[in-house]
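Peer 1: Chains A and B, in that order, give the protein sequences.
Taking the numbering used here, I'd label the letters of the first sequence as residues 114 to 271.
Taking the numbering used here, I'd label the letters of the second sequence as residues 114 to 271.
Careful: at least some of the hints might be erroneous.
[As the list claims (entries may be wrong)] In the SDA-like style, the derived pairs of lysine to any residue whose C-alpha atoms are separated by at most 25 Å in a straight line are:
id	chain 1	residue 1	chain 2	residue 2
1	B	K119	A	R175
2	A	K119	B	H227
3	A	K119	B	G167
4	B	K119	A	F229
5	B	K119	B	L131
6	B	K119	A	D166
7	A	K119	B	P240
8	A	K119	B	P152
9	A	K119	B	E249
10	B	K119	A	E176
[Unchecked claim] Covered by chain A, per the in silico footprint, the following chain B stretches (three or more residues, Cβ under 8 Å):
id	segment
11	139 to 152
12	238 to 244
13	251 to 259
Bear in mind the hints are in silico, worked out from the structure with no lab data behind them.
Computed from a prediction, not measured in an experiment: that's the story for all the values here.
Built from N, CA and C at the ideal position, the CB exists for glycine as well.
There are 2 protein chains.
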Amino acid sequence: MSAPPKPSPRYTALLQLLRTADTIWNSSRVFFGRWELSPAQFNLLNLLTDPGDGLTQSELSRELLTHRSNITGLVDRLEARGLVARREETGDRRAWRVVLTAAGHRLMDEVLPHYFRAAERVWEGIPARRAAEVGEALRQVAINTERAAGQLAVEDRP
Amino acid sequence: MSAPPKPSPRYTALLQLLRTADTIWNSSRVFFGRWELSPAQFNLLNLLTDPGDGLTQSELSRELLTHRSNITGLVDRLEARGLVARREETGDRRAWRVVLTAAGHRLMDEVLPHYFRAAERVWEGIPARRAAEVGEALRQVAINTERAAGQLAVEDRP
DNA sequence: TCCATATTGTTGATATGTCAACAATACTCA
DNA sequence: TGAGTATTGTTGACATATCAACAATATGGA
Numbered sequence: 114m115s116a117p118p119k120p121s122p123r124y125t126a127l128l129q130l131l132r133t134a135d136t137i138w139n140s141s142r143v144f145f146g147r148w149e150l151s152p153a154q155f156n157l158l159n160l161l162t163d164p165g166d167g168l169t170q171s172e173l174s175r176e177l178l179t180h181r182s183n184i185t186g187l188v189d190r191l192e193a194r195g196l197v198a199r200r201e202e203t204g205d206r207r208a209w210r211v212v213l214t215a216a217g218h219r220l221m222d223e224v225l226p227h228y229f230r231a232a233e234r235v236w237e238g239i240p241a242r243r244a245a246e247v248g249e250a251l252r253q254v255a256i257n258t259e260r261a262a263g264q265l266a267v268e269d270r271p
Numbered sequence: 114m115s116a117p118p119k120p121s122p123r124y125t126a127l128l129q130l131l132r133t134a135d136t137i138w139n140s141s142r143v144f145f146g147r148w149e150l151s152p153a154q155f156n157l158l159n160l161l162t163d164p165g166d167g168l169t170q171s172e173l174s175r176e177l178l179t180h181r182s183n184i185t186g187l188v189d190r191l192e193a194r195g196l197v198a199r200r201e202e203t204g205d206r207r208a209w210r211v212v213l214t215a216a217g218h219r220l221m222d223e224v225l226p227h228y229f230r231a232a233e234r235v236w237e238g239i240p241a242r243r244a245a246e247v248g249e250a251l252r253q254v255a256i257n258t259e260r261a262a263g264q265l266a267v268e269d270r271p
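Go ahead and model the full structure; you've got the sequences and the hints to work with.
Peer 2: As structure tokens, then:
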């Protein structure tokens, strides 16, 4: 009878990372439900509130870490609700430029203050300084992960 | 002309958290693709490798932070591939007990060592001690998030 | 110029996820 | 015991996600 092997601190931390992100995502679904938005829809709209005149669908897919083809339906539904519009991209007839409509701007003006307050609350009990350190470590983890993904072909080669 | 407002450290850290989790998830899809598994399928199988005689579908849904109804299809597909089996739950005729088959055990014996190594590599450049601290902070964030979700009805009340 | 190559958005197939509603079964306690 | 309530798994409708394939269009050299 041997004791079960104790998982490594890094493995445990990775599981906690994914678990926490899942918890936040699930909770945000309820949160954004107040405005009949899904988290994915909110994230897309949030990008469009940045100064500038919108983004193409490919740009959106890169920012949202999602596949091009996923943006089509997302924009379709937001457009049907009148929150975004597709404008012709001058100089590239393949592309659309997706922008917030006036209604989209009004909705985001309403949602964003609540969102920022909620973002602060999830770090309650953790000093801003420490949250920043955690963020920095997570940035490194993301970089490591991308590097590993690029090397997958030679994964496990010593 | 005022400068754009600088986002708070906690807001930035929250975005980084979600972004990193997304990056890991996307990378893991490629990783598990070597064994024709999706991340969701791997996570389910991984739970079943724990000692004990399997889990019911409701237990699986709680561990995986996902809806009951999602487990049905997940188990259906894994069962069709012969990696898991549904056994009758003694004492509760509503429930199934999902267990790994011999083939499921063989597959996980093959995958897990690669998975553990990859989990370590993701934290490269970050001392184990520091990874554990990050994990601890993330655990607190998850707790705060759950608390906030429970209070959503009174959200934004001072 | 013209050809090879890349990029953009869409489609259809499919997996993963939610939710509401349902039937079957289990549980509680007056 | 029995009535009301809760839990379990499934289904169907739908949103979100991937991927491969496609047509249209851009782009970069020979």
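Peer 1: Each hint should be assessed against the structure and marked as holding or not.
Peer 2: Results for each hint:
| no. | hint | result |
| --- | --- | --- |
| 1 | B:K119 <-> A:R175 | holds (23 Å) |
| 2 | A:K119 <-> B:H227 | holds (17 Å) |
| 3 | A:K119 <-> B:G167 | holds (20 Å) |
| 4 | B:K119 <-> A:F229 | holds (12 Å) |
| 5 | B:K119 <-> B:L131 | holds (19 Å) |
| 6 | B:K119 <-> A:D166 | holds (20 Å) |
| 7 | A:K119 <-> B:P240 | holds (18 Å) |
| 8 | A:K119 <-> B:P152 | holds (23 Å) |
| 9 | A:K119 <-> B:E249 | holds (17 Å) |
| 10 | B:K119 <-> A:E176 | holds (19 Å) |
| 11 | 139 to 152 | holds (count 4) |
| 12 | 238 to 244 | holds (count 6) |
| 13 | 251 to 259 | holds (count 8) |
Checked against the numbered hints given earlier, this structure breaks none of them.
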